[in-house]
Amino acid sequence: MRAEITEQVIHTPSPADVAMATAELILSIQAEYPEAKLKPLPPLEDEVITLEVWLPIPLEQRLSVQHRIAELQGDIMNKHGVFTVALALPFEDASSSNQSSQ
Numbered sequence: 001m002r003a004e005i006t007e008q009v010i011h012t013p014s015p016a017d018v019a020m021a022t023a024e025l026i027l028s029i030q031a032e033y034p035e036a037k038l039k040p041l042p043p044l045e046d047e048v049i050t051l052e053v054w055l056p057i058p059l060e061q062r063l064s065v066q067h068r069i070a071e072l073q074g075d076i077m078n079k080h081g082v083f084t085v086a087l088a089l090p091f092e093d094a095s096s097s098n099q100s101s102q
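Residue numbering for the sequence shown follows this note's numbering, starting at 1 and increasing by one per position.
Derived from the structure by calculation, the hints contain no laboratory data.
Using N, Cα and C, we set each Cβ at its ideal position, and we do this for glycine too.
There's no promise every hint is true.
Now the in silico label distances, taken between C-beta atoms and shown as ranges [claimed, not checked]:
{"id": "1", "residue 1": "A16", "residue 2": "P90", "range": "17 to 25 Å"}
{"id": "2", "residue 1": "L59", "residue 2": "S14", "range": "19 to 27 Å"}
{"id": "3", "residue 1": "E60", "residue 2": "A19", "range": "34 to 42 Å"}
{"id": "4", "residue 1": "H11", "residue 2": "P34", "range": "29 to 37 Å"}
In the EDC-like style, the derived pairs of lysine to aspartate or glutamate whose C-alpha atoms are separated by at most 16 Å in a straight line are [as the list claims (entries may be wrong)]:
{"id": "5", "residue 1": "K39", "residue 2": "E52"}
{"id": "6", "residue 1": "K79", "residue 2": "E24"}
{"id": "7", "residue 1": "K79", "residue 2": "E35"}
{"id": "8", "residue 1": "K37", "residue 2": "E52"}
Produce the entire structure from the sequences given, and follow the hints as far as they go.
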């Protein structure tokens with residue numbers, strides 16, 4: 001039995017698709033997490049958009065937030081054909097650390 005060879009088609013998104021996907025990703029993350037601090041990063045390999053999403057959340061909530069962000073990314077990828085990566089990262093809220101040190 002011969003293995004069937006399939007051809008992989010690589011889609012290069014247009015600049016307009018990248019711009020729309022970037023704007024929609026940022027707006028959708030900010031709508032769900034208004035306290036988020038977004039930091040762009042250079043894309044790796046096949047990524048087009050890469051963001052760090054810093055949030056004042058406990059470390060144990062990171063996975064549930066990352067899951068929700070992945071859902072938002074999937075919607076954008078399906079709509080615009082643009083591969084994105086957004087990593088949820090917790091940071092300690094400066095106001096709560098100031099209060100605890102007083």
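Hint check:
no.: 1; hint: A16 to P90: 17 to 25 Å; result: violated, 34 Å
no.: 2; hint: L59 to S14: 19 to 27 Å; result: violated, 39 Å
no.: 3; hint: E60 to A19: 34 to 42 Å; result: holds, 36 Å
no.: 4; hint: H11 to P34: 29 to 37 Å; result: holds, 33 Å
no.: 5; hint: K39 to E52; result: holds, 5 Å
no.: 6; hint: K79 to E24; result: holds, 10 Å
no.: 7; hint: K79 to E35; result: violated, 26 Å
no.: 8; hint: K37 to E52; result: holds, 8 Å
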